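*Asks:* Please take these sequences and the hints and turn them into a complete structure.
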Amino acid sequence: MAVVRVESLVKRYGAVTALKGVDVFIPNGSLTAILGPSGCGKTTLLRCIAGLLLPDEGRIYIGSQEVTRVEPFHRNLGMVFQRPSMFPHMTVYENIAWGLRLRRWQKHEIPRRVREILELVRLKGMEDRRYNQLSGGQAQRVVIARALAPKPDLLLLDEPLSALDAKLRAELLAEIVDIQRETGCTTLLVTHDQSEALTAADNLILMNEGEIVQQGAPLDIYRRPQSVFSANFIGTNNMLPCTVARLDAPGVVLKLEDAPLELVADLPAFPVEIGQPVWACVRADDIDVIPQETAPHYRNVVKICVERAALTGGFVSVEARLEAHPLRIHVSGSARFALLEQSPAFLTVSLAHVTLVPRD
Amino acid sequence: MLKRLSLVLLVLSVLSLASSVMAQDDPYANVDPTGQRVVFWHQHSGAREQELLKIVEEFNATNEYGITVEAINQGSYNDIYNRITTNLASGGADLPQLTVAYGNQAATYWLNDGVIDMNLLVNSPTWGLSAEEIADFFPAFYNADVFPQFGNVRLGFPPNRSMEVMYYNADWLAELRAAGAISFDGPPTTPEQFREAACAATANGFSGATSDVAPIGYQLSTDASRFASWTFAFGGDIFDYEANQYTLNSEGAVAAVTFLKGLFEDGCAGEIFERFGDQTNFANGVTLFTVGSSSGLPFYRSAVESGANFNWGVDAIPHTTPEPVQNLYGASVSIPRTTPEGELAAWLFVKYYTEASVQAEWALASNYFPVRASSAESLSDYFETDPIYRTAFELLPFTKAEPSVPGYDPVRQEISRVLTSIITFSDTREVSEILNELNEFANAELADASLPLN
Amino acid sequence: MANDSLIPSRAVSMASTPDAGKAAGIRELPTWWRIGRRVLLYGILTFWAVIAMIPFLWMITNSLMTLGETQVRRIVPAVPQWQNFATAWEQAQFSVFFMNSVIITAVTIAGLLIVSITSAYAFARIPFVGRNTVFTLLLITLMIPEAVTLIPNYLVVSGQIFPLPNTAEQFPFISFQLGNSWIDTLPALTVPFMGSAFSIFLLRQFFAQIPNELYEAARIDGAGHLRFLLQIVLPISRAPIFTVSLLTFIGSWNAFLWPLIVTNDNRWRPIAVGLYRFSDEAGTQTHLLMAGALITILPILILYFITQKSFTEGIATTGLKG
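Protein chains in written order, with this note's numbering: chain S, 1 to 360; chain R, 1001 to 1454; chain U, 2001 to 2322.
Don't read these hints as lab results, they were simulated from the structure. Every value quoted in this text rests on a predicted model; they were computed, and no experiment measured them. In this text, a Cβ means the ideal position worked out from N, Cα and C, and glycines have one as well. The reader is advised that the hints may include incorrect statements.
[Claimed, not checked] Partial list, computed: chain R residues near chain U (C-beta under 10 angstroms):
| hint | residue |
| --- | --- |
| 1 | H1044 |
| 2 | T1210 |
| 3 | S1302 |
*Replies:* Quick look at the structure:
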């Protein structure tokens, strides 16, 4: 159990700078997800924290100890990799016991601990199996067990679910969350899959191009993105160019550009001035289709021109236009099929939740 | 008084001069071989090696100087030659005290200052051989290791020899005689008789043959030693020692090769297609004559016993000369240049090795011939049991040898190649023309090889 | 789905009628052609298999004949001469030479494994300056023919290039030569073969395929390169290690020319040199030679059968998924 703090971390690979002065705070006992597109530096960050890479500048603290240049072994970590790193010539028991032996656990303690941890990952009774007798998911659970067996301060997971098939992913993710709740071990999960991050994490770090874009609770980032990147990366977002018309606590009134339309948005975390150009962000799922007569009960009611509607599994994806601006709506709920059947030309919708991000 | 003194002085000085001259004549006079270790490199294996080791043990146990000989097999003649030349090329530090060597190999060693002139030891008043002992050696054997082209130095000493003989199937010859296919009794003594018998055999197979292969009178292996043997039998030679030049195109050689070619043209002789194929066919009663080394006698014996099991024998190569002329060969032992003590100790062993009684033992076990005529006395019992060996032994006074000159090995290979091309008719030129060309090649090799190694 | 329904019907049409097959562009082969082809194939393979076996069978039959029978080229012996093996053993002093071969081979394999495994691991998994250059140079040496290196190796081993460590002092039981030459010593017969570019190459290729995740996981648990090599890499590298050992065993056991050159004495000569003694200029004792040869290859055959089992086992248990 430990807090992890990273200060101004810089890591270069030749001409490429993978981490450009990163500051991170990971609360004790949290399940933190580091999320970002490929090449954003999240794996580099994780490996620096693990000690598998040495940063060029900056400092890393685990607990109260500075560990920037300390060997991984001395950082008291467990790590799970993308591909199962189970030792193929050893049984499940030996795999887990190996690490314990290396850390000089007492001989009589080891069997008990192995049994304990196997029960935790729901592999009870599989001590004598070998790698080729386990499924991908089971192997990954063995690796998790091996990582947690020596009671580490920190558990690092580097895209642990990417090598598994879709159905297994959800299952294993849920287990990881359960395990983390039970052990209370500070956990860092690197992933490029936003649904994973949103589901599992209680703390989210969003990265792009070697920099931290936003950190905080997932819901926070989801509802209150602070940059174009944050807004666009998670979910499907509509960005409408606006200017600030009035400040009207607890909201802000925006005027849509090139249109005689005003929208009410939430007060942003950054200061705004009248006349400032901003992006109004509306998530495609935050737009409700309402019957014309109920309009007064909703905010930001607008009329949109429907161009296309398609069924995409759980929702109907509607491509429309608000004035001149493209708008995408995800319509869910039992009424959504009506849209397909009827294909109306116009829709009345309510932009239920609008946030602001800076525009420059 | 002064006169007496000067006389004494004169006598003393003459004496000392004489003794120093005598010492110069015998550089080994004051050398002490006590306790020396003699390393002997040889190529013998199996039963021969066992016998050699026995002889060595006896010498070690009985010699009065405490000399210890260590005889070690070092591979084949070729392997030994390669090692010694490599050694000589890099300074000659680790040479054995005694080694086997063919004459031409010893010649190469001499050119590179690798061996000593054994005349100094053989003729040494202190350590050498007496005149009667020397007379006991078969002359051809004894002189084979003396090299006129180097001023008559002796570069080796013969511990054994073999010779080329003609093997014949006596029962088959008797059959042919009985059928009137040939006009003489017993083994042929002239090339004409040989041809007659060979051609008759090709037409009339042996009744006791144990193989379906078509009968053939003679199978020739195109070895250079066969070339030499037949040339000798036709009264020629392949080397002129006076002129130090090859005579591969001499009258005798041309006659011999033409004779052999004639046999092939008439289908009375055939090639050999596998190693020891002639021996196999002989044993199966398919081939009437073969020509090969006398050291192969035990091999022929066991082959015939397992084959058609007929009466057979050996005799001289059929010759145009009044007496037989047999090709005598074998390796001698040479003494490399090491230390005077080592060289002397090696010589003392060689003396023991070539004593008549030791030679008799050695001959029996090795199937070589002893080099001393008096060994015949110890072998008389053996002659009773093995008349074929005795026949061969009695041919020993009538021998000639192939040349011991540097570079002889590549010449041997070329002779073999040329002989093959003649009898397979792949080279259809006149025999004399081909042999002229061969002779030029041989002389060129001789010139090349007479230069030192480095 | 529209696509799914298409696939089954297409599969049916390919198998059923030739016409449908032709329509799809595939020609259906007539039965007689298929059978005939199989017969032909098996026929050719059997033929070549028999040809390959003939020398071996000839060796076995000849080892049980008398000398005479081998000379007259009999096919099978009249009475099997089992004592040939005992005779060959004595005559060629096989007891000495056999022991020597065993020791030489064991030492060579041990040394080779230590050298090859460690260097292959370094080439595969430890980055160092000039690693690729050195590895390329190593590969280039594979192209140098043996005959070219024979004499330089001899000069080095006999101490003529630079003085060699005087093993006689430190290891008197393996050396009988004092001074700075290794002629007639065990090191001369073993050390030159401990550095095999081929073995290093083979092992290096295998080690390089081991996923990095394994190493990192081990590292996090506190293992360094050495522990990782010994406890993780080696147990899963059984197949290439067996291959390398077997090839070295065969090479070392059959070595003839080099041992003959670097020994002047019978003390350390191996078994192949002993076999040489059955031929001399008068003729070859074929029956003993064949018996001796059979004795010589027996250990190789046994080792081959043993390792072949472990081979396939080894490959099956090390299937690294993902």
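*Asks:* Would you mind marking each hint as holding or not holding in the structure?
*Replies:* Outcome of the hint check:
1. H1044: holds (7 angstroms)
2. T1210: Interface hint status for T1210(R): holds (7 angstroms vs cutoff 10 angstroms).
3. S1302: holds (4 angstroms)
Every hint, counting from the list given before, is met by this structure.
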